[in-house]
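> Letter by letter, the chains look like this.
There are 2 protein chains.
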Amino acid sequence: MSDFKVKFLPAEVSIEADEGVSLLEVARRAGYVMQSECGGQGTCRRCKVKLVSGDVFLTGEPNISSAEREQNLTLACLARIVEDIIIEVPDESELTFAKDEFKPQWLPGEHPGDELHTFALKVDPLLQCLSITVPKATLQNNSSDFDRLCSTLEREGCKRPFKADISILKGLSSALREDNGFLNVQTVRIGNTTEICSLDTTEERPLYGLALDIGTTTVFGRLIDLSSGEVAAESSEYNRQIPCGGDIIHRIIYAGNEKGLNELNQLVLDTIGSIFGNLISEVDATEDQVVASVVAGNATMEHLFLGMNPKSIREDPYVPTVTEFPLLQAGDVNMPQMPHSAPMFLSPAVASYVGGDITAGLLAAGIHKSDQLTLYIDLGTNGEVVLGNREWLTACACSAGPAFEGSGVRCGMRALPGSIDAVVRDLDSGGLTYNVIGGGTPRGICGSGLIDLLAELHATEIVDARGKLQQEKDGRIRKANRKAEMVLFDKVQTGGAEDIVITDVDLDNLVRTKGAIFAGIMTLLKGVGLQASEIERVVIAGGFGRTLNIENAIRIGMLPDLPRDRFEYIGNGSLRGAGLALLSRKMWGELHQIAKMITYFELSTWPGYMDEYMAALFLPHTDAALFPSVL
Amino acid sequence: MSDFKVKFLPAEVSIEADEGVSLLEVARRAGYVMQSECGGQGTCRRCKVKLVSGDVFLTGEPNISSAEREQNLTLACLARIVEDIIIEVPDESELTFAKDEFKPQWLPGEHPGDELHTFALKVDPLLQCLSITVPKATLQNNSSDFDRLCSTLEREGCKRPFKADISILKGLSSALREDNGFLNVQTVRIGNTTEICSLDTTEERPLYGLALDIGTTTVFGRLIDLSSGEVAAESSEYNRQIPCGGDIIHRIIYAGNEKGLNELNQLVLDTIGSIFGNLISEVDATEDQVVASVVAGNATMEHLFLGMNPKSIREDPYVPTVTEFPLLQAGDVNMPQMPHSAPMFLSPAVASYVGGDITAGLLAAGIHKSDQLTLYIDLGTNGEVVLGNREWLTACACSAGPAFEGSGVRCGMRALPGSIDAVVRDLDSGGLTYNVIGGGTPRGICGSGLIDLLAELHATEIVDARGKLQQEKDGRIRKANRKAEMVLFDKVQTGGAEDIVITDVDLDNLVRTKGAIFAGIMTLLKGVGLQASEIERVVIAGGFGRTLNIENAIRIGMLPDLPRDRFEYIGNGSLRGAGLALLSRKMWGELHQIAKMITYFELSTWPGYMDEYMAALFLPHTDAALFPSVL
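For the protein sequence lines, the chains are A and B, in the order given.
Going by UniProt numbering, the first sequence opens with residue 1, and the numbers climb by one from there.
Going by UniProt numbering, the second sequence opens with residue 1, and the numbers climb by one from there.
Chain A on its own, in the form it takes in the complex (with noise of 0.2 angstroms):
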């Protein structure tokens, strides 16, 4: 018997639970995925709550306004259940995962068997699918079931050695007796062994491989027809790990222990699970017509997705437990929607903080294969580097911190309808139009209109070259608790309880982000001994690289001033490279050559990469000759 009961409002989801238990946790548990980004540290503002009836105990000091207080409310994350209470969640608090917002928006070509064709690969599933006669055993061939199967699948061009779990053995005998010897087997090539992984005896039917991108923030899944290589469906849902840190380090903590590594492990495999539902009931099929997976993701999220401890991670020299995974079967990590020996492949991570999504990306990105000295750069909630050609790759880290999505900005937030995404300013009259996503009033500032923003207001001059707020600049600029900060919306204009503000606080947290990200690309540049000049593609990937304005982005310096006509955004690199390897044995043996080929530059101990980053802490550049084309 639990002791209380928590009603959430406007849901009406009623809960319960026991004395003393956290509300971020009881929220969790009634279905709520909760703003968070501290992992429940009661620092970053975002799981605020409202209580309408009842009381809690607060385990700490709530980092909240007396406006908010006086509108009673509270932060989830510091409050204990002590009475039956009554709670009302804000908008802005819960992650609401607005569909549309992530609805597919495939770039030309991006379908996995079309972008083969462009690689000039044909459709080769990582898990073969054969539909085969074993001939009966006769007195004289009267060699085992399994030594006439084997028989047969290397006649259809299959190569020995075959090995097959005892579960399939168990169900061979039957199976081969059941329709005159008619067979569907699924076969894997690992190493020099060709695994049995599935045997039956249904009819023909679509099979599907599912691509998976777990992402730090958000999870995307692909389901892909493994015959055609057609994108069958398309779905994504914020990793349900979210209230438990917003980024890797706070994840990396909540998993110290086996409680919080297992709620963690299971969070994600529920998160899949949800998109998993999704994606096959988009295409009408069945659970076990999903017969294979690749998995993409940072090696934090790869470890927590297997229920492996990440703790090694963030502490010096930062090493995870593996790069390069077993192959692993839809059994051993808990997927209960595949069927069991439904064979999972993990994309090879490199290091701690360049993990088998950027492998991934660089595989979708053909830089592996291209002459062309390419710079990619994955925007997510870490910011990975990486710098090469089909000769040599490097790759670096850059501790950025998830400023652009939200995460240290008082107003920050995703990329969610409600938020600023671009701004522009008229040229004329100097006034600044902010486009919110979905349209009406606006809510909190998303990444690329961040970058905007920064851009803007250090061409008008109201930012200084360090990213300080000139007060005698604009009026709209005011001090509080002794820190300048501009109103950009009144409260009274959008309705919310707070003003929306940029802040010399947030200011100096885009420019952190910004000079980590450029002192990443010249230390990797220098690392090699070449000039930015020489780049000759780069290539950006991650979620809001869709709405960044590469103009800005050049223009605060993150990115380097280059030819506009060298860039190029690649989507979701993750998730389109997992696809490639799902559906092509080359493809998924050059996403092994690229993680072994890369050569990672550990930049807390990189020698230089400190003077690099100071010096890109200045807009755009304490050396202005690296930026020729802004003014």
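Keep in mind the hints are simulated off the structure, nothing from the lab.
Worth double-checking, as some hints may not be accurate.
A pair holds if it fits inside one copy or across any two, identical chains being indistinguishable in the list.
SDA-like mimics (lysine to any residue), calculated; alpha carbons at most 25 angstroms apart, straight line [what the hints assert, rightly or not]:
#1 LYS596 - ARG160
#2 LYS159 - SER66
#3 LYS596 - GLY157
#4 LYS170 - LEU328
With chain A held as given, fit chain B onto it using these hints.
Just chain B, lined up with the frame of chain A:
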């Protein structure tokens, strides 16, 4: 709630049972391993029980005498529970496991470590156990935990590529950091991959391998020290499947539905579990010190051990599901005693009736390395014959039937206390002297006793060359139900319920059995165009070979008439071979070569076999020239 109470005497065990359940099944659940050959068909008369109070419903007419009926005896397999009853289980109906009878009696040099030495091989177990220290990660060597582990193993002589299950990877990070990188690692080389099976940080302690011979009747286990190669303990028990059928065919029938199959699977696992418990308590080890196993058994036993339906083994054209088994883990086969990841190797079979017990026995006999033309005969519940040398091997299974284990012989029994295991004729008086195992009055006759008896009765012409009792030759011969039978011991003399007799039907069974074995030998010889006299070595394996009188076996025409010094007894060849394979990767490889080398003769359809068989149904043989030394 069960319906009725069944009490067993003299043990005073009570158990509840539902209406209609077979008394044989109730007895099994009460812990009795009842004698049964027919698998509950009501024909073999082995499962006699005495109704002390209450009544049962009989599903058929039990094949018992009126004297037995008067004593309230009935057959447990035909009896169904309809009310509370009290049952007495006579000694002879229960397979009481006489530990003393199965005491390990090692042949000279049988310790696998010693044997390896005679093969000029060193102890080099299938499972390699290493103690290593993995260097800490540094910023200079910041490869993943797994990569540093692999590099360390490589320096210790293990070969790349390495593979580890997710369960191993999950524990790696903390294990590496527990004791400054010190690790005990267990690896297996499979194909071209080194699989990491286990890692821990415990202190050094003896590690054991389990060699198992799963016989239709008896299961033998040996605990072998993996570093010295010494046998640390040996234990054996009746296969608890026996009440489900005395021979392979009855077991396969019993496994016809999933319930029966699961039951047989669990019964053999229970048997092994009990043996396992005895073994580790004998050496005072913990379960997790037993880290690997090699299992040998005939194809049906191997299938049932894995929970695979052996159905096709008895259906024309007699093929098993698999002959070469994948490497398994204790967890795959539901052996909860051993560590989940402990590797289990199954000895490869050749065909449905030449199983992994035979290949293991050949390995132990070293035939595949010998220039001598060798005949290998396994006299177990089935009779398998192999002929060959290092160049070639041929094999067949004789449908001999288990008459030498007492089945199909009225007073036949296994070699248990109370059984006559040797019969000697006084050359002067012509009188027969009987040796009774354990002394005292006899309860029946076991295989070696039956062979002696047949030889002596034929020598004294009491039995003619066709195996018929000659009533005029001996006053102890009488007619019962129009069939001749000879009284060996009067029930007054023994105190048993019946006289100990040998009948014409018994003699016919024995002649057929010896004829089948000899016909198998002749068929193999003719198949390769050789004469019996060319055989240079005869190896007898199997339980009852130990007490077998070779001279008498030749006199009845079961074994070829060769100089007696060409015969040797190898004991349980299957168990010895399993132990050798466990301790030597080379031997394990050779075991598979043996399985591949063997040409299998399917006698049921072999041209000429029937003629050989008919010719052998004669004492010693229709062609007396084959037995020159037999008068």
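> Between copies, within a copy, both or neither: which fits LYS596 and ARG160 at Cα up to 25 angstroms?
Classified as between; 15 angstroms across copies, 27 angstroms inside a copy.
> Taking 25 angstroms as the upper bound on the Cα-Cα distance, should LYS596 and GLY157 be classified as within, between, both, or neither?
between (29 angstroms within a copy, 23 angstroms between copies)
> At 25 angstroms max between alpha carbons, let me know whether LYS170 reaches LEU328 within a copy, between copies, both or neither.
both (20 angstroms within a copy, 13 angstroms between copies)
> My question is about LYS159 and SER66: at a cut-off of 25 angstroms on alpha-carbon distance, are they close within one copy, between copies, both, or neither?
neither (72 angstroms within a copy, 66 angstroms between copies)
Checked against the numbered hints above, the structure breaks only hint 2 and satisfies the rest.
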